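Same order as they appear, the protein sequences are chains R and B.
Count the first sequence with the numbering used here and you get residues 1 to 264, in order.
Count the second sequence with the numbering used here and you get residues 1 to 161, in order.
It should be emphasised that the hints constitute simulated quantities derived from the structure, not laboratory data.
In this text, all values refer to a predicted model and were calculated from it rather than measured experimentally.
Positions of the beta carbon are idealized from the N, C-alpha and C atoms, including for glycine.
Possibly wrong hints are sitting among the right ones.
[Unchecked claim] Here are a few chain B residues that face chain R, going by a calculated C-beta distance under 7 Å: (1) Ser15; (2) Phe38; (3) Phe42; (4) Val47; (5) Arg116.
[Said to hold, decoys possible] Sample of chain B residues with no beta-carbon within 12 Å of chain R, all distances over it, derived: (6) Val33; (7) Ala37; (8) Pro45.
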Amino acid sequence: MPRRTDSYFDKLQRTRVWHSVFRSGAGSSTLHRALVIQQSVFLHLFSTKVRRRMLTFRATWYLGALTLGTFFILVVTGILLMLYYHPSVPQAYADVKDLKFVVSSGMFLRNLHRWSAHTMVFLVFAHMFRVFYRGAYRPPREFNWVIGVVLLLITLLLSYTGYLLPWDQLAFWAITVGSNISSAVPIFGDQARFLMLGGHQVNANALLRFYVLHCVVLPLAAVLFVAVHMWRIRKDGGLYVRQSEPGVEALRESKADEAGVVKV
Amino acid sequence: MSEDKTTPPIEQEISRRELFTKLGVASLGVAAVGTLAFTYRFLSPNVLYEASPIVNEGRSEGYPLDSVTLDVNSAIYLVHVQEGFFSLNAICTHLGCMTAWKPEQGIIACPCHGSRFSREGQKLAGPAPKPLPWLKTWISDDGDIMVDRSTTIQPFAFLRI
Chain R
1 MPRRTDSYFD
11 KLQRTRVWHS
21 VFRSGAGSST
31 LHRALVIQQS
41 VFLHLFSTKV
51 RRRMLTFRAT
61 WYLGALTLGT
71 FFILVVTGIL
81 LMLYYHPSVP
91 QAYADVKDLK
101 FVVSSGMFLR
111 NLHRWSAHTM
121 VFLVFAHMFR
131 VFYRGAYRPP
141 REFNWVIGVV
151 LLLITLLLSY
161 TGYLLPWDQL
171 AFWAITVGSN
181 ISSAVPIFGD
191 QARFLMLGGH
201 QVNANALLRF
211 YVLHCVVLPL
221 AAVLFVAVHM
231 WRIRKDGGLY
241 VRQSEPGVEA
251 LRESKADEAG
261 VVKV
Chain B
1 MSEDKTTPPI
11 EQEISRRELF
21 TKLGVASLGV
31 AAVGTLAFTY
41 RFLSPNVLYE
51 ASPIVNEGRS
61 EGYPLDSVTL
71 DVNSAIYLVH
81 VQEGFFSLNA
91 ICTHLGCMTA
101 WKPEQGIIAC
111 PCHGSRFSRE
121 GQKLAGPAPK
131 PLPWLKTWIS
141 DDGDIMVDRS
151 TTIQPFAFLR
161 I
């Protein structure tokens, strides 16, 4: 049975339409497999060749990929939630209540969005710690660390702007407190708060600004920086693996060296 | 139970790996269909914040004999003639523009593409394919004229008071 589906797939790969879309053509030679990656606008961000041990669980704990996974969930559920949400006062609160109590699977999608958001923040930090403690931030990957910090800030800003959108008491006071913190910045703090809220109070302008930031500006920035982040992995020589890893014997040998085995 | 020993081994038609592959693909298919169903349910609103199709047009004394009154908000004509009252949908049957009553000519005309209708909604000219529909009209318990914009009735079924 798998063989028959394989042959259907092979036939499909030989059609003219397939060739017009995927230039790499059929075949499983090293060249073909490299072309599949290199000639796709999405896949060419990634390395054409990856070492097997880069893809083991112990190399990265898959934390970056899992973060990207939660981001995809957030984009899909966020777009669906936008279909029932009006960023206006006081309609926003009524819309969130409708999503919870009236819309079919609305509560499921809203909770999925919220839990994924919390999970993404957790995973971003876990990814960062993992990269830090493995020393994967060191040259030539130091600029990718900087991009990662930008992505951390975007993630936190997405969390913060999304927090206001339900327009309940929790949201209102959280943004009141948060925007007052930003006014503590020397010299232009008050101006930053004024621009962020579009006024002196957390009101309709602030809700609309946070909505635009949350649904348009910050996700676009995130997609852009994630693309550069992925591309830099390829440019910086692939996912980080220590040269002496993960061969257990090599580890034992190095430990034996450290233990002061006399070399002749 | 010595017969058991002679039982021939069951011939395996698919391998264990194939079985699990099929189970995996089938469960993905079930999940995909379920996702589509849930998405369809989510995209269909359960509650609409649209205006009610039933409109209260007030007391019949407000509509003198031989008058045609356009309720702009509800897009209906309330007409009082010798035979009684009736109401027409004011939306042109061509492409949905709001028609207007022309008292000097005694016709209903559409400004968009020139369709013309009689006072009873019959098509006189223009691209409109159908006459303006008559809407269900009745007197409420309080004595007000009520119109249901979602229910059409046969033409010339006058409401007599």
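Structure-based check of each hint:
Residue-level restraint check for Ser15 of chain B is violated (minimum Cβ-Cβ distance to chain R is 10 Å; threshold 7 Å). Given the 7 Å rule on beta carbons, the hint for Phe38 of chain B holds: about 5 Å separates it from the nearest Cβ of chain R. Hint on Phe42 of chain B holds. Least Cβ distance to chain R is approximately 5 Å, under the 7 Å limit. Hint on Val47 of chain B holds. Least Cβ distance to chain R is approximately 5 Å, under the 7 Å limit.
Restraint check, Arg116 of chain B versus chain R: the minimum CB separation of about 40 Å is more than 7 Å; hint violated. Every beta carbon of chain R lies more than 12 Å from that of Val33 of chain B, the smallest distance being close to 15 Å; the non-interface claim holds. Chain R draws Ala37 of chain B into its interface by the beta-carbon criterion, the shortest separation being 10 Å against a cut-off of 12 Å. Not every CB of chain R is more than 12 Å from the CB of Pro45 of chain B (nearest about 7 Å), against its label as outside the interface.
When the structure is compared with the earlier hints, violations turn up for hints 1, 5, 7, 8 and for no others.
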